[in-house]
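4 protein chains.
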Amino acid sequence: MFDELHEECGVFGCYQCQDAASLTYYGLHSLQHRGQEASGIAVASHGKIQVFKGKGLTVDVFSREDLDQLEGDLSVGHVRYSTAGGQEYENIQPIAAEGYQGDIALVHNGQIVNDRELRKELEAAGAIFQGTSDSEVILHLIEKQTGTLEERVKKAAQRLEGAFSILVMKDDTLIAFRDPHGLRPLSYARNRQGWIISSESCAFEVMGIYRHTDVLPGQMVVFKDGLPRSSFYTPKRDHHLCAMEYIYFARPDSVIEDKNVHALCKETGRLLARQDKDLQADVVIGCPDSSLSAAMGYAEEADLPFQYGLVKNRFVTRTFIQPTQAMRDRGVRMKLSPVREVIDGRRVVLIDDSIVRGTTSRRIVNLLREAGAKEVHVRIASPIITSPCFYGVDTSTKKELIGAQMTLEEMKDYIQADTLYFLSPEDLQNAAEPSALCMACFTGEYCTDLFSHQEQLEN
Amino acid sequence: MFDELHEECGVFGCYQCQDAASLTYYGLHSLQHRGQEASGIAVASHGKIQVFKGKGLTVDVFSREDLDQLEGDLSVGHVRYSTAGGQEYENIQPIAAEGYQGDIALVHNGQIVNDRELRKELEAAGAIFQGTSDSEVILHLIEKQTGTLEERVKKAAQRLEGAFSILVMKDDTLIAFRDPHGLRPLSYARNRQGWIISSESCAFEVMGIYRHTDVLPGQMVVFKDGLPRSSFYTPKRDHHLCAMEYIYFARPDSVIEDKNVHALCKETGRLLARQDKDLQADVVIGCPDSSLSAAMGYAEEADLPFQYGLVKNRFVTRTFIQPTQAMRDRGVRMKLSPVREVIDGRRVVLIDDSIVRGTTSRRIVNLLREAGAKEVHVRIASPIITSPCFYGVDTSTKKELIGAQMTLEEMKDYIQADTLYFLSPEDLQNAAEPSALCMACFTGEYCTDLFSHQEQLEN
Amino acid sequence: MFDELHEECGVFGCYQCQDAASLTYYGLHSLQHRGQEASGIAVASHGKIQVFKGKGLTVDVFSREDLDQLEGDLSVGHVRYSTAGGQEYENIQPIAAEGYQGDIALVHNGQIVNDRELRKELEAAGAIFQGTSDSEVILHLIEKQTGTLEERVKKAAQRLEGAFSILVMKDDTLIAFRDPHGLRPLSYARNRQGWIISSESCAFEVMGIYRHTDVLPGQMVVFKDGLPRSSFYTPKRDHHLCAMEYIYFARPDSVIEDKNVHALCKETGRLLARQDKDLQADVVIGCPDSSLSAAMGYAEEADLPFQYGLVKNRFVTRTFIQPTQAMRDRGVRMKLSPVREVIDGRRVVLIDDSIVRGTTSRRIVNLLREAGAKEVHVRIASPIITSPCFYGVDTSTKKELIGAQMTLEEMKDYIQADTLYFLSPEDLQNAAEPSALCMACFTGEYCTDLFSHQEQLEN
Amino acid sequence: MFDELHEECGVFGCYQCQDAASLTYYGLHSLQHRGQEASGIAVASHGKIQVFKGKGLTVDVFSREDLDQLEGDLSVGHVRYSTAGGQEYENIQPIAAEGYQGDIALVHNGQIVNDRELRKELEAAGAIFQGTSDSEVILHLIEKQTGTLEERVKKAAQRLEGAFSILVMKDDTLIAFRDPHGLRPLSYARNRQGWIISSESCAFEVMGIYRHTDVLPGQMVVFKDGLPRSSFYTPKRDHHLCAMEYIYFARPDSVIEDKNVHALCKETGRLLARQDKDLQADVVIGCPDSSLSAAMGYAEEADLPFQYGLVKNRFVTRTFIQPTQAMRDRGVRMKLSPVREVIDGRRVVLIDDSIVRGTTSRRIVNLLREAGAKEVHVRIASPIITSPCFYGVDTSTKKELIGAQMTLEEMKDYIQADTLYFLSPEDLQNAAEPSALCMACFTGEYCTDLFSHQEQLEN
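Protein chains in written order, with the working numbering: chain A, 272 to 730; chain B, 272 to 730; chain C, 272 to 730; chain D, 272 to 730.
I should point out that these hints are in silico values taken from the structure, not numbers from a laboratory. Wrong hints could be hidden among the right ones.
Within a straight-line C-alpha distance of at most 20 Å, the following computed SDA-like cross-link-like pairs (lysine to any residue) qualify [claimed, not checked]: (1) D:K606 to C:G327; (2) B:K319 to C:D331; (3) D:K326 to C:D331; (4) C:K319 to B:K319; (5) A:K530 to B:G616; (6) C:K326 to D:E571; (7) C:K391 to B:Y360.
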């Protein structure tokens, strides 16, 4: 549901690439859908690290001059989604430390579940923190270890629990590592003399690179002496890629774990349609942009016309002034508009990717009815969300999740649809083969121990 | 083609509407696709007019406080595309004049072809101009006439040649008028106690209003004493709506002259497919966003799968740093990415809306080949552009128009497609029935006398 | 008094000077004390005029790049004080007109008293105005005349009544002219190959130029063909330089009509002291910065120590957040602080330049008492202001002028001084010899016909 | 020498004051002369600390809304001068740490000379640093200690060497402490229910408070449970207030260690004059603003007229575009202008506060000669600077100090004065009684061990 789910980040890095800062800029730009709140790049040169970061889109944070000043062929970058406002420069990534023993910088996508315990432990040992992010904890954890950078990262990685895809950079080395469940994606690719690392493959493609390698769950890849060397930092690996990466976050042109996102989503649409044999409908529409692939799949399978039924206003930015309630009451709305020609007098199948609180779904169903829809059949290309996420997806608390509070019938009534169906967890897993998915938000079965977070679960 | 054509403006106005400034903000926001360079609103109250305008998107120009200060129930607003940079605040609309005889404000979409003659004539009569826009000329022309506002606007309108959809506001009156050819669209609709006027109907729909009336070619509609009264200011009317309004500019959910834009575009796709009976292909894709409707129509008619073959990066803004040539040479590109899964190994039909210089088309064809397309068949959902436009579309000069310089075969080779076909002018006119279209850019037959502009034609 | 009086402007121009835009920048910077609200520069080159202007200090409006783009050796510039907020870009100077008959630009310091009549007359002849400034009226008036630029300016100047020092620029000519009373200063000086023109001579001195020539009342100086040629455009000349130019506005290092500002102010202090033979006091202090010269003169004549008794905070800018009333009640104040060491236990003579509403004077007297002053004797280095100004000084209406509403005794009580005396009009005129001063604000005798403004006088 | 010396900071704090953030804003505003590069405020409430900081003047960094959001009655604030540009948000103060064991914030004026050793020691113990400032080292040092906040601050303070006046804030406690030499000033005062702490007393006076208490060298004052309790954290105390605080940095209305700054400076002027019995001169002028007090003293003692001989442009801000060398060669200069009337044909005594590199002095002497001075006698109200400062004054290296490289005679010739004399160290010490001054920059005798900094001394 296009304005209800948010993830935390995208990461990008360069190893031995000419104009690393500029490449990172383009890389982050193509990962911008993963976070629009802040953007940053750190570049290493001769052991010194320069960081430039700020709030806003990558295109707004950096000027040509900024990029030109960031000289070096080793870099890490980050785009960030963050929940709250306020002044929190300290939490914007990359997070870097400067000191006599050498500069180090880090970017992180995911969420550490034992963040509090680690923070307490580090504070007890004398560490002090300037921000509130778990990324600063990771940096401290690495710095606290002994040995080479590689050894320190390995020891630190073993202590982390949760979801993480991390790039660490120091001197002339870049290390990429991913949590043992592989909850967040991470891949790397050859780029001429060097290598580039990215959360999603769409960032490689804008550089004309069509082959990449995944960092595997529990694996760390060390870029040093001109080459990547990979190894597993832990034997306890348990593959569970976050299902929402395919369903909602990733760009349709990305390939994650050898599966194209568009293709997978289209398949979920087909699977939905197979369970809908008896439905009489005239037209299939998708909620733009994230549900278009599934809608295409549904339409093909159901042999119904796929149509352009909802238009999204492309110019909604953070400064957009929301209509007042008085204006809404008088009918003013923004972002989505129906194409009456497509909707009026029709029995419409509306494909959406998910339902979180249900308010947006209800608004869209009503929009379609106002535009003359005779019937509105809502089909959701993922299972019912019943549990909060602790791995980096901002799905709110259990109390706000309509799927945790209502039956299917109640949900249907709430969103005022004629019928409502969801994809089954089995069908979703089938579509994702051979990737093993984390479906905790649908099933409540988390892949890490969350005992220490029990209080949060109860909210 | 998506970055090669530009139009000049969108206009929006309110008559006797509560919170006119805010409504205009939302109206302009939904017309933003017609111009992203500058935005402005003028509000009238008790004879005084306040103007607030600036460079950038509507959402960036106005704050809540700005809108709150613009009190009144009568307003005109404008979104603008402009070609050059530089400091040209004077040319941003609305354009207003303040004085003892009363404030007046005006917004204008289109292009006046006898602008120079009128300017010289006015200067000879003592007028001085602070900007270079034709809108300032129109304002002077109106002010120079005698009689009531209505009489003055009528006399001024009779002097104007070219394309124009104009709103003029003074005291408690708003007048909307459209050129005798109806080159640019303009409609109005009832909104509770008052009336709203807009370049496109999509602005009505975001306010929950689904019925509207077109201002007819050569007509002026005077909103005064609580009602609109329409009359024709000239007997010489000759209906020629700009074809590009349907093909490229207007939003798919808009209805122009009783024809839905999406439906018309889809029909152009069908008509293209009918001439392509023998083509063997695997998949149909459209260039986002303006060619998706046509692509859907082609796919339906040809019974081929319509697919999500090109992804557009939504985060390209004016501050985007273009890749250097060196970076381009190394493969870096932005904005459009292919979905390999859809393209690889396939015979692709690429639907685009038009070809101007051909460089973008060539880039896209190459992108598809890099992504593995076996064949690329380009189909253009409009006729070949062979002549420049003098009515507000920024199609460059004849020299830059590939359609004016090459044969179809040469164009095909230039863009490196396997085959290339265009929609015929007849098919386009058929799809647009009952609207009569201006097809000057395809045929060179202009609907106004351009003798005085001969020198421009020859460039 | 230091925050109660405001004037409207300073003007600066270059004729045949290399880097005219940069020179104008430095010129305006040294005239910044005459206006801090807005700043602008226009440069002419090959008949085309470029204008760059904006709100704020000269140093904030212009970047190096802006100056570099303003190529040409002919320029006019302006710093502006304006009363109200709001969006009034149209009123910022230079004001320019662009058109086929040639570009023209103008800057103006002063105030036209027959502004309304001229505006009405011009509007009746078809002119329309985009702003509300009298400068736009002047520009129209010039453009409406026939003949050469010189002839047109001459005819226009003859129609203007009030205070004005104006620079007009067109093609390769610059014309400087001053009202027949010489109310506002204007001078020019040789600068290497070319000439520079300025409101005050301090702008010449920062360029290392120590000789200058005044434009005389009723004179126009035409810079053309490499030379200035001066002539009188009217026989009705009646010399009345605004007294406030010396007392308050001009910089102490400026020389106006052969009289150094600092020297004249010091002399006013001496004259005040001569009338104060019996006063027993310990120390003389001045209100920074505009009253320091007078205070030095008083101290010398009275043979009392001149001391640094009040410190002014230099960092008060437009964004300064004024203390709330609650904070003021708790003692928080800003801008001026007393030096206790100088004040405590002393009988203090406080020299100030003028009293407008009296509130600031009262605040300062109280400040000195809080700091331990035994007695506070206030001496004002100008006569009592009893009448509003119509020539460009923002002295408020008669009702707000304490000098128009109270006797000397009442004023003394209001500001809570032990004694209070003002300079007599005769002494002021004596100090200014040979300049003839306009003392309308002290005497109510205006040097122009104000019949048409009678209604304003009555406020 | 008004553009050659820079200090690092001013600090301000509030304990149990209503609207602590706003009070701190006004406090910092009145300390702005101590640093104009950056400004920040931290406010504590219920154990949580909010920090708001940014580059620029206090008035530019904070809006009313920012202050309103900083709720609490406990605060610390900082204004900063910093040498280099670049992006160094991490170094702007207050510096704060957030964590589960509680938030803490700190502001610091001065310079720690054993900064490097402490940093290495802390890093060896696992600390990591995000910025390069010594303030971050102090924060780490405090956090690393054990015990109550008071005990931890005490232990940390004992480890610090150099100049420091520091405020630390945590929970509901504020601790102010000053180095054992008392190199930088620090005072506190009662403010209604609470207390305020400031680098200089001028910040108290703008709040209407005229009594204050100095924090003594080696003392710490703990504001807790509603009261200040003071104690010495070290027995090794050795009073040496930085002489430059009086001579150059502090505001004339401030009282430091019971001595008014203006009075002391005036006395230095008198002492200079006493050694100048035979000098024949006509006028005494001071270099604005920091040398005016001394000039007044000189004039009084020598019985010569004190005059307004140099005018300073008040509108020079950070964005000021420096004249190019070509422009300088053509005579363009800024900031200071001579008043010819005062200078021309006179034998001028010019009082300045110090000479660092000598270039500015030379420029001013030449300015006076251009303005007609017959003779220019330069008198410096402080001794010759021969050694760099390691306690927070940015006096450049020994190589750049003209006093370290030339004899008095050579200096006189270099600055092109007729005569040149300096105040003797003895006279300066006498004027400052009973304060004991650090005169290391004049004598090379540093009050702390600088062995470890020997390499810097040798530069």
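* Run the structure past the numbered hints and jot down the numbers of the failing ones, going up. => Structure breaks hints 2, 4, 6 and 7.
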